Amino acid sequence: MPNLIDECMTWIESIDIVFWGSLGPAFSISLCILGAAWGIWSTGSTLIGACIRKREIWVKNLISILLCEAIAIYGVIETIFLITHIKYQADEEYNLNIRRTMYGYLASGLGTGIGCASAGAAVGILGGYVAISDAWNRHLFIKCFIVEVFAEAIGVMALIVGIVSAASA
Amino acid sequence: MSGQDVLPNTLPTRMTLQRLQVRLGAAQKGHRLLKKKADALTVRFRQITKDIYDTKMEMGNVLKRTALAMAETRYAAGDISQVIQQKVSQPSALVRGGIDNIAGVHLPVFNLECSGSTSMQLTGLSAGGSKIEKCAQTHRSALDTIVKLASLQTSFLKLDEVIKLTNRRVNAIENVVIPKIKNTIQMIKDHLDEEEREEFTRMKKIVEKKKKRIEMEKAALEARREMRRLEDDIDTLALMTGGPLEEPADLIGGDDDIVF
Amino acid sequence: MVKKVGSCPSLATYANEFGFLEGVVKTHYNDFLSSSDYLALNECENISDFIVQLNGTRYCQYVQHHRDDANLEPSVIHDAMMRKFVDDYNFLLDNAIEPLLTFLRFCTYGHMIDNTILIIQGTLQGREPARLIKACHPLGRFDGIGALSTARSAKDLYDRVLIDTPIAKYFEKAAIGGSAEDTLTDSNIELLRNSLHKHYLEDFLELIKELGGDTYDEMKPLLDFEADRRAINISINSLNSDITAEERRALMPRMGVLFPCGTDQLVNRDSLQGVGLALSRVDEYHHIFVAGSEDDLDSTVSIEDGMYKLETAMARQAMYRGFCFAPFYGFFKLREQEIRNVMWLAERVHLGLNEGVSKLPIIRD
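Heads up: the sequence lines are chains A, B and C, in that order. Residue 112 in full-length UniProt numbering sits at position 112 of the first sequence, and the numbers go up by one each step. Residue 108 in full-length UniProt numbering sits at position 108 of the second sequence, and the numbers go up by one each step. Residue 38 in full-length UniProt numbering sits at position 38 of the third sequence, and the numbers go up by one each step.
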């Protein structure tokens with residue numbers, strides 16, 4: 001067995017380090033969009049169901065959809081930021097730090113991606129119930145919406161931390 | 001009363017008079033009896049009217065309670081009417097007709113017979129059983145009232161008819177039959193009196209005539225006697241003088257009318 | 001054996017699969033008449049007024065063509081409300097996917113049992129089949145319900161029709177002495193009905209156990225209550241009849257808060273006080289019993305009323321729940337209650353009485 005592990009390690013080490021760095025933006029965009037899509041799916045289906053009987057909640061509750069959409073935009077921002085930073089330079093000094101930088105990008109992308117995906121799911125599930133609460137009692141909308149905004153804030157946090165970590169990488 | 005109010009085809013004889021007097025007595029007796037019957041019926045009629053009023057008043061309450069119980073049952077047990085209907089195979093209540101006799105009038109009477117209904121058992125076992133039981137009880141009492149009312153109403157109609165009939169009879173006897181008989185009797189009496197008077201007058205006339213005739217005969221006799229006396233005188237004179245004596249004519253023999 | 005329906009999805013995926021129907025069913029909550037609606041209905045003078053009032057609610061499209069009729073009966077309102085209920089239910093059913101589909105169908109099995117019993121009874125009495133089917137509860141209709149009345153014997157009935165219906169297994173379980181057709185006689189048909197309901201409830205419990213998760217947690221109290229209500233009603237309503245304790249035990253669902261100790265006590269009681277004693281271990285039921293048996297004569301609040309109140313409260317709570325199927329069940333129960341409420345008011349109004357609203361459990365403030 002140790003042989004196998006050693007071989008794997010050698011194989012992994014043989015992969016170019018820039019590959020790992022490039023996975024960062026990939027994870028970030030895909031996870032963020034996954035989260036956003038999940039959120040829109042949840043919110044959307046519940047919202048459509050609720051709208052059948054209460055049409056007037058439609059416009060207000062599109063904000064929930066927009067919040068989910070924003071999660072995808074966070075992913076896009078993070079990804080663009082990362083992509084513009086990933087450059088292959090041949091000079092000696094850069095190569096010394098390249099390992100650290102590329103893993104930093106990977107971590108930043110993964111962190112933002114997972115964080116935003118969670119935020120997207122949270123916003124999505126909440127969005128559906130905000131729509132239902134709004135349909136029951138329209139005074140509840142603002143109160144419930146604040147909760148949703150805080151869920152959204154999680155995504156913003158993930159984005160900020162992601163960008164900061166990428167910038168300092 | 002006018003002259004037309006008499007029995008037709010009556011001969012004004014004493015026999016008819018006698019017969020009519022018997023009839024009058026019978027009519028008056030019948031009138032009295034019918035009047036008594038009408039009074040009895042009217043008393044009963046009033047009683048029934050009062051009963052009907054009371055029952056109808058009660059009916060309103062009973063039916064209201066029934067409807068309320070039904071609503072409660074529907075609330076507690078849902079719409080059970082179909083369930084109950086499908087369960088019933090035998091009538092649990094029967095109405096039997098009977099007859100009540102009042103002053104010779106047969107009045108129909110309805111009687112409700114409730115058999116202990118078993119079809120209700122266990123209905124609404126899981127919901128509203130007590131309500132259903134209560135509802136059934138209210139309906140049973142309502143049915144009781146309805147049958148009572150129906151019985152009273154039928155009696156009412158029948159009695160109404162009979163009373164009208166009896167009253168018509170009483171009035172007919174009182175106002176038509178009795179006056180007619182009385183008039184006829186009067187007429188016959190008048191007739192007989194008239195006849196009597198006519199006879200009397202005729203008698204008088206005859207007696208008068210006879211008297212006159214007797215008078216005349218007396219006068220004639222007198223005259224004959226005078227004549228005879230004169231003849232005797234003449235005879236005597238003739239005797240004295242010797243002349244023949246003539247026989248006198250029979251004056252009375254030819255006259256049959258003379259009654260002494 | 002219940003066919004495998006899978007489990008109810010968890011928090012993360014529930015909204016994706018059933019969010020649409022949850023949105024629909026929860027917004028139905030707004031359709032329930034509010035307490036002010038009930039007060040307005042209570043003020044009506046006749047059924048026409050009543051319909052005008054209902055026109056101002058979500059029932060408007062179901063009653064509007066009756067607006068100008070004279071001499072309306074309360075049954076018109078019942079039909080209109082039932083039509084809306086059926087429409088709403090069918091909408092849910094048409095859009096549902098498994099396992100919600102099975103769950104929604106389960107909600108109507110109770111009516112299905114009642115309909116089947118009704119038709120069996122009618123057939124045994126030789127009634128007109130068309131009229132029997134017309135009299136059935138619309139939510140309990142199933143394919144082949146018409147064929148029920150063509151069967152001439154109990155065996156026919158079971159073999160031809162019932163065997164294909166989802167309630168066939170209850171007939172099998174309820175069968176006394178092994179074969180299902182023995183049960184279809186007139187004498188014990190009421191016992192059969194309750195036995196079927198018992199098996200249905202137990203099967204429903206199995207279903208929600210399989211669904212698991214929040215659905216189980218939320219549905220269990222509701223089904224327990226349903227089972228307890230059956231047990232309590234059966235024990236109270238059979239006090240004056242000749243049902244033996246064993247027969248009574250056979251009718252009581254083997255579930256609920258009272259089961260098994262309370263059920264045991266209920267089975268062996270033969271007076272109202274005894275039933276009260278058996279109920280004293282559960283606070284809610286005890287309150288209902290005390291309130292219901294106190295003034296039995298003027299019947300302002302009976303045990304049934306108390307049960308309905310409690311059921312409404314529980315169903316309303318279920319409507320608030322998320323990530324489970326309890327709102328659908330709650331919707332079902334609340335709609336049934338609303339129909340009962342409105343019919344009660346309509347009949348009162350029809351009689352010219354206007355003081356009935358206080359005893360009704362109001363669904364929405």
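No lab work stands behind these hints: they were computed from the structure. Just to be clear, a hint being listed does not mean it is correct.
[As the list claims (entries may be wrong)] Cut-off 30 Å, straight-line C-alpha distance, at most; resulting in silico cross-link-like pairs (DSSO-like, lysine-lysine):
no.: 1; chain 1: B; residue 1: 35; chain 2: B; residue 2: 182
no.: 2; chain 1: B; residue 1: 164; chain 2: B; residue 2: 148
no.: 3; chain 1: B; residue 1: 218; chain 2: B; residue 2: 50
no.: 4; chain 1: C; residue 1: 209; chain 2: C; residue 2: 134
no.: 5; chain 1: B; residue 1: 37; chain 2: B; residue 2: 50
no.: 6; chain 1: B; residue 1: 64; chain 2: C; residue 2: 173
no.: 7; chain 1: B; residue 1: 29; chain 2: B; residue 2: 180
no.: 8; chain 1: B; residue 1: 158; chain 2: B; residue 2: 148
no.: 9; chain 1: A; residue 1: 60; chain 2: C; residue 2: 173
no.: 10; chain 1: A; residue 1: 54; chain 2: C; residue 2: 84
no.: 11; chain 1: B; residue 1: 134; chain 2: C; residue 2: 220
no.: 12; chain 1: B; residue 1: 64; chain 2: B; residue 2: 180
no.: 13; chain 1: C; residue 1: 209; chain 2: B; residue 2: 64
no.: 14; chain 1: C; residue 1: 309; chain 2: B; residue 2: 134
no.: 15; chain 1: B; residue 1: 204; chain 2: B; residue 2: 218
no.: 16; chain 1: C; residue 1: 309; chain 2: A; residue 2: 54
no.: 17; chain 1: C; residue 1: 173; chain 2: C; residue 2: 209
no.: 18; chain 1: B; residue 1: 56; chain 2: B; residue 2: 164
no.: 19; chain 1: B; residue 1: 36; chain 2: B; residue 2: 50
no.: 20; chain 1: B; residue 1: 134; chain 2: C; residue 2: 359
no.: 21; chain 1: B; residue 1: 64; chain 2: C; residue 2: 309
no.: 22; chain 1: B; residue 1: 36; chain 2: B; residue 2: 205
no.: 23; chain 1: B; residue 1: 37; chain 2: B; residue 2: 182
no.: 24; chain 1: B; residue 1: 64; chain 2: B; residue 2: 37
no.: 25; chain 1: B; residue 1: 36; chain 2: B; residue 2: 148
no.: 26; chain 1: B; residue 1: 189; chain 2: B; residue 2: 205
no.: 27; chain 1: B; residue 1: 180; chain 2: B; residue 2: 35
[To be verified] Distance windows between CB atoms, simulated:
no.: 28; chain 1: B; residue 1: 106; chain 2: C; residue 2: 46; range: 40 to 48 Å
no.: 29; chain 1: B; residue 1: 141; chain 2: A; residue 2: 143; range: 39 to 47 Å
no.: 30; chain 1: C; residue 1: 6; chain 2: A; residue 2: 165; range: 35 to 43 Å
no.: 31; chain 1: A; residue 1: 139; chain 2: B; residue 2: 79; range: 33 to 41 Å
no.: 32; chain 1: C; residue 1: 11; chain 2: A; residue 2: 157; range: 18 to 26 Å
no.: 33; chain 1: A; residue 1: 143; chain 2: C; residue 2: 164; range: 31 to 39 Å
All of these numbers come straight from a predicted model, not from anything done at the bench. Cβ coordinates follow ideal geometry from the N, Cα and C atoms, glycine included.
To see whether the hints hold, each was checked on the structure:
1. B:35 / B:182: 20 Å, holds
2. B:164 / B:148: At roughly 24 Å apart (the allowed maximum being 30 Å), residue 148 of chain B and residue 164 of chain B satisfy the hint.
3. B:218 / B:50: 93 Å, violated
4. C:209 / C:134: 35 Å, violated
5. B:37 / B:50: Distance of about 20 Å is within 30 Å: holds.
6. B:64 / C:173: 44 Å, violated
7. B:29 / B:180: With a Cα-Cα distance of about 16 Å, the restraint between residue 29 of chain B and residue 180 of chain B holds, given a limit of 30 Å.
8. B:158 / B:148: 15 Å, holds
9. A:60 / C:173: The given pair, whose Cα atoms are some 53 Å apart, is violated under the 30 Å limit.
10. A:54 / C:84: This hinted pair holds, its Cα atoms lying about 17 Å apart.
11. B:134 / C:220: 34 Å, violated
12. B:64 / B:180: Violated - the C-alpha atoms of residue 180 of chain B and residue 64 of chain B are around 59 Å apart, more than 30 Å.
13. C:209 / B:64: Violated - the C-alpha atoms of residue 64 of chain B and residue 209 of chain C are around 48 Å apart, more than 30 Å.
14. C:309 / B:134: With a Cα-Cα distance of about 22 Å, the restraint between residue 309 of chain C and residue 134 of chain B holds, given a limit of 30 Å.
15. B:204 / B:218: 20 Å, holds
16. C:309 / A:54: OK: residue 309 of chain C and residue 54 of chain A at ~28 Å, within 30 Å.
17. C:173 / C:209: The given pair, whose Cα atoms are some 20 Å apart, holds under the 30 Å limit.
18. B:56 / B:164: 24 Å, holds
19. B:36 / B:50: 21 Å, holds
20. B:134 / C:359: Holds: residue 134 of chain B and residue 359 of chain C sit about 19 Å apart, inside 30 Å.
21. B:64 / C:309: Status holds; Cα separation ~26 Å.
22. B:36 / B:205: The given pair, whose Cα atoms are some 56 Å apart, is violated under the 30 Å limit.
23. B:37 / B:182: Cα-Cα ~24 Å, so holds.
24. B:64 / B:37: 40 Å, violated
25. B:36 / B:148: 28 Å, holds
26. B:189 / B:205: 24 Å, holds
27. B:180 / B:35: Satisfied, since the Cα-Cα distance of roughly 19 Å is no more than 30 Å.
28. B:106 / C:46: 40 to 48 Å: This hint holds: roughly 45 Å between Cβ atoms.
29. B:141 / A:143: 39 to 47 Å: 58 Å, violated
30. C:6 / A:165: 35 to 43 Å: Holds, since residue 6 of chain C and residue 165 of chain A (Cβ atoms, about 42 Å apart) stay within the stated range.
31. A:139 / B:79: 33 to 41 Å: Distance hint for residue 139 of chain A, residue 79 of chain B holds at roughly 40 Å.
32. C:11 / A:157: 18 to 26 Å: 22 Å, holds
33. A:143 / C:164: 31 to 39 Å: 51 Å, violated
The earlier numbered hints that this structure contradicts are 3, 4, 6, 9, 11, 12, 13, 22, 24, 29 and 33.
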